[in-house]
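2 protein chains.
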Amino acid sequence: MHQERPRYVIDRRAYNLPDFDRQFDKKSRQFPVGETVKKLFRCSLPRLRGLVFRHLPVLSWLPKYKVKENLLCDVISGVSAGTIQVPQGMAFALLASLPPVNGLYSSFFPLFPYFFMGTAHQMVPGTFAVLSIMAGTVCLRLAPESGFSRFNATLNATVVDTDGMTGARLGISGSLSCLTAIIQIGLGFMQFGFVAIYLSESFVRGFMTAAGLQILISVLKYVFGIEVPPYSGPLAVIYTLRDIIRGLPDTNVASLGFALVSSAVLIVVKQLSSRFHHKLPFPVPMEIIIVVVATVISGPLHLSEIYHMDIVGEIPLGFPSPTLPTVSQWDDMLSTAFSLAIVGYVVNLAIGRTLAARHGYDVDPNQEMLALGCSNLLGSFFNIHVVCCALSVTLAVDSAGGASQFASLCVMLVVMVTMLALGAHLKPLPKSVLGALIAVNLKNTLLQLSDPFYLWKKSKLDCCVWVVSFLATFFLSLPYGVAIGVGFSILVVIFKTQFRNGSAVVRIVDTDIYRNPKVYSQVMSTPGVKIVNYCSPLYFANAEIFRQKVIKKTGLDPGKLILARRKFTEQQQREKAKEEKKDKQTRRRKLGSLVNMKAQTMSQLELQDDFNMNDGGANKAEPPASTINFRCKDIELGEQAPDREPTVPLETPPPPPPFHTLILDLAGVCFIDLMGMKVLIKMNSSYATLGIELYLANVQAQVCEDLEAGGAFDDGHIARSSLFLSVHDAVVFAQPTSEDSSLLKDGPHCIK
Amino acid sequence: MHQERPRYVIDRRAYNLPDFDRQFDKKSRQFPVGETVKKLFRCSLPRLRGLVFRHLPVLSWLPKYKVKENLLCDVISGVSAGTIQVPQGMAFALLASLPPVNGLYSSFFPLFPYFFMGTAHQMVPGTFAVLSIMAGTVCLRLAPESGFSRFNATLNATVVDTDGMTGARLGISGSLSCLTAIIQIGLGFMQFGFVAIYLSESFVRGFMTAAGLQILISVLKYVFGIEVPPYSGPLAVIYTLRDIIRGLPDTNVASLGFALVSSAVLIVVKQLSSRFHHKLPFPVPMEIIIVVVATVISGPLHLSEIYHMDIVGEIPLGFPSPTLPTVSQWDDMLSTAFSLAIVGYVVNLAIGRTLAARHGYDVDPNQEMLALGCSNLLGSFFNIHVVCCALSVTLAVDSAGGASQFASLCVMLVVMVTMLALGAHLKPLPKSVLGALIAVNLKNTLLQLSDPFYLWKKSKLDCCVWVVSFLATFFLSLPYGVAIGVGFSILVVIFKTQFRNGSAVVRIVDTDIYRNPKVYSQVMSTPGVKIVNYCSPLYFANAEIFRQKVIKKTGLDPGKLILARRKFTEQQQREKAKEEKKDKQTRRRKLGSLVNMKAQTMSQLELQDDFNMNDGGANKAEPPASTINFRCKDIELGEQAPDREPTVPLETPPPPPPFHTLILDLAGVCFIDLMGMKVLIKMNSSYATLGIELYLANVQAQVCEDLEAGGAFDDGHIARSSLFLSVHDAVVFAQPTSEDSSLLKDGPHCIK
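First to last, the protein sequences are chains U and E.
To convert, count from 1 in the first sequence and add 2; that's my numbering.
To convert, count from 1 in the second sequence and add 2; that's my numbering.
A few of these clues could be false.
Which copy is meant is left open, so a pair is good if it fits within one copy or across any two.
Stated by the list, open to error - Capping the alpha-carbon separation at 30 Å, the derived lysine-lysine pairs in DSSO-like fashion look like this:
#: 1; residue 1: Lys580; residue 2: Lys66
#: 2; residue 1: Lys554; residue 2: Lys29
#: 3; residue 1: Lys40; residue 2: Lys460
#: 4; residue 1: Lys281; residue 2: Lys580
#: 5; residue 1: Lys498; residue 2: Lys462
#: 6; residue 1: Lys272; residue 2: Lys429
#: 7; residue 1: Lys29; residue 2: Lys41
#: 8; residue 1: Lys520; residue 2: Lys462
Hints in this document: simulated from the structure, not taken from any laboratory.
Pulled out of the complex, with its shape left as it was, chain U reads as follows (with noise of 0.2 Å):
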């Protein structure tokens, strides 16, 4: 019986579901909320060593250091990417308006804590353009430039306290790192690790794409060396793009200057080392170089002084003093915060993912909350502004071989040797040489603005959700852009589980399969049975929706059948009465009947009850209505508006049903909350008033454990023996004459 294809033979009984679990010794799981929350505190030795170890991945990591092999990389690629770090600090505080020097401090002190609870062995810790600029909002929101600016009389013009300001700022950025570091630590420890997936991807690029085109545009003013007041709130970034636009003719030239020199030796760097990568031992420091070069040019030659250009200023040597964060500040930057704690996270995640999956360890997501909220939390004190992965610093080291936190270690080095000795040196650099720095970084940012061309052809969804988030965050700002953006990507969620899930299906010929006969055109219909698959989970969103489909697909309202019945019976009673009595009599009778209904809608309980059932009347007695609509329609109707009441004059009595079994499969129905349930209880009790079994097939195990708990079997009186294994078993049981039998016989010579 060798054949070229395999074939799918079968001939075992049909199993409703109580069937089949007493056949095969159905055991019941029990998940008890109680003894999952006992385990979770319970306290013996191991567990506290298993957590000591778990939240602090350094005594793991450290005893197996393996000494001789791994040192001599991990030296020299933390000092390489230390050179790339002190730039990009230093950059990245002028997109959060704060002094240079505070990015240095930003790339040091975050970087202990994440030495010791750092699951990620390559990750560095340190400044995000994305996090420093939405940190700078808030520092110019709270501290706007006209809260320090002053007149002064002897100089006839206004002069803005700049040290007030910047002090301001500071504790500013300290208060907000410590509160997002706060929030960070309560979701590590709430186990909240997985919040951070329902950034979804299009999100995530729409939203990195709008903020690279702001740091873009908040870097111009330093790059042409114009001055432009600081915006912050909706719409910043359109009034700082007119007023750059307004102020181009104040370029500064020797600005300009140095940062078009510095960027196109940077983007020429850049694509040589690229391609010659194979011949270097390890990355260029070209940023570095190009820093200490502009430097040198600029400091000596007086530069700064002969052209008025804006430059990185005095870098206070030494370490700063730790301060308090300003809680009372915290009222105003609560959903900033929350955005930083969340971005940040994400961003932190999936580079460590990347790493830990390219070099084969795992990453604890809820740990890594915990690490990088110690981080921000550290440094908060040293009134860092927010940090998170530094992306191209993390790159440096892994593509130089680093393989532990080691290379952190040597990241920070190089960074404190500038805090201590160097950055006094740095004072001459001009700040359009950082401003190229962060602009020539945004290339590949920026190339993400054809995403939307790419996305539409895959998934109109996605690409509306990158549009969404890219408008938002572009146009309101970085942290209403995180609130719409993800509050979108949840609603297409939503959105998704209303739509287009349900079609009438049919036999298809000689199989047990069931398919919807719009697209397979070999089908047999199986007389008096319905079936209708629906898939999605069924719940509070769609419950409605479901319900409407299932009448739409089947062409029987049900409620407004019973209810033709109904009023078909009155009418005969009525006709008999109006034989014996007048019409005058009968109205005022009917105004009698009225009373007794009452009966049913009097008591306010009695309407909260039809409230919650939304629609449950249907089982109870109603007043006659005057016309009754058999038409079924659906919720998304277009414009059968004029024909919506098609009075059906009661003469003849309303049609039977057109079938006597409706199947509903069940297999894309995930879950169903207590809506759903409530939907399908009333959708069984009302057919069953019409005499229509109603059958449920290829019920997912856990929803028919949500089935049990929520009662539908036991208060709802949908019986067990109505729940099958698969449609086809559901087929059989609805038809007692075995033609199935015949099949086999038939089957074989059927097919081909």
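Once you've looked at the hints, dock chain E against the given chain U.
For chain E alone, coordinates are given in the frame of chain U:
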């Protein structure tokens, strides 16, 4: 061949999807977006007529109205309902911190547009306590008492400019209604009626209960006749409660007496009338009787002057003159207006659907939204506070047999008579009586406080939604409650797609059914084939969880196995090299080999790629990792931390994978987005590298379409032929030796 139980007998070819589609003539269906949009905007006379009829349902029902049959009922029900509307409207105006006459306006003007536009025949729009109190919070916030207090030197006391304050609040209420109306009309025109269903029942009940409690607390001051400063914002209810308790010693005995007597009478009459409902021709308008009696007692006896009771006061006769809304205030009331628009609409729709189901007609959700919006819009020019369905009035109309909007007209008539003539006589009515009317009506809402106990048994998550909505609404404020409650109930949906959704399944003996072996004992495993089912949409929030689940259930992490194999090969090569060269040379060699690795990771674009793929690095060249972890680990890891990195000394080659085919049963995957697709594609390619076939079974038709559109087959290299109609088809394909045909022979005598 007649048996007691039906049998399931099938002998057919086993199909993968392309075979099946070919054999059964799959037609491709298109849902072109362009066509749909074009259709949407097509102009034609019938379409125009349809639109007119749709948006003005009065054109459909008025010509068919049966005067003889229905008019009398409508008039009687309308008038009796109107007598309920008058005192209730006045009472609810107190909740909105507005003068009582505003409640009459709110019960009058909005009924005009609804008469023409409403689709629910028995519905009477009007004041609704929850909306009134929400509007009240805005009035209090934007026009606080403190803004109108001045120190009057002659009186030596602070005097509140009551008229000015009332005027300001009326203006605010009007602007708020206008904004709400615009939101509703906008949503209605965008066909966004479906957003209402995002309010799950658990949320609505929790919210309504908390609102009921808030209403109760805010009427207590009228009942006790205590002066309590109005609070708004979070915790307002707590402060109010504190002040009321503090003020209890100053209770106005007359107020309390009126309140107690009227509520006692109301409760008794309600009980009696619900018991003797069948003897009453229409509901007793007890509210208006109490109001009249209280007025008659209080007025001529001058009780308000004697006992300093708070009374309704002057009610201006006649129609108010229309005013324009103050658009500049909209900024401050946007969130509340949104909440009002949605909550009002949901209440309206729920009642409308109940009525429609009871009487057998249809309610068009979008048209209801429009009708409600227009009602509020017209009203807003007369400074009403936002209305929706007037619950008890609608109930009264329905129970007295009203069948059309003519009943609403009669309600308007009653309200108009009060406004034009009777209102003046209500001046001495104590406010405490109105407070008592509100409090008594809250009985059923407060009974819902027992909901959580009931819900906890049925569904823990629904219970959480209730509790969160309740607490947020009660302690923060109503608009916050809406935002938090809706957000949380949507988050719960996302949670449900993340946890406990996958399991390994094996074949139940002698059937084509595959189930979890932890649940069913009579199973037979298929050698070399692993089957995992997953029951949840596959999208950004759980794509990574899905991958982890498959790894956990199969016990094999393909990425790590690939790494281990590569590492082993490298080590073998290195050991060969070691025989030729010394140790030091090897280390230098390693450094050199790092340079090659750089190629993969050098450019930022690459890392960007990785970042997007999160952990897709498995297929790229990796620097040698020092330790390899075979243990697969779930995201919710417990205490495995100490042994996170078991050092596998790679002396032995990594074991071959324990299976040759992995079948994913995707029946429960009801949709897939680009991130889900990416994970599938990545899994496919990494399993392919290991020589494992990845089969997808039971892929839903719409998921198939998504995969096609997203390029999973063409760009993603998933073979179309690895899609199977069912798990058993896939298993049959995975086992070329047709051990299946033996089933037919063994089957029958095997089973029982």
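List in ascending order the numbers of the hints, as given earlier, that are violated by the structure.
Violated hints: none at all, because every hint is consistent with the structure.
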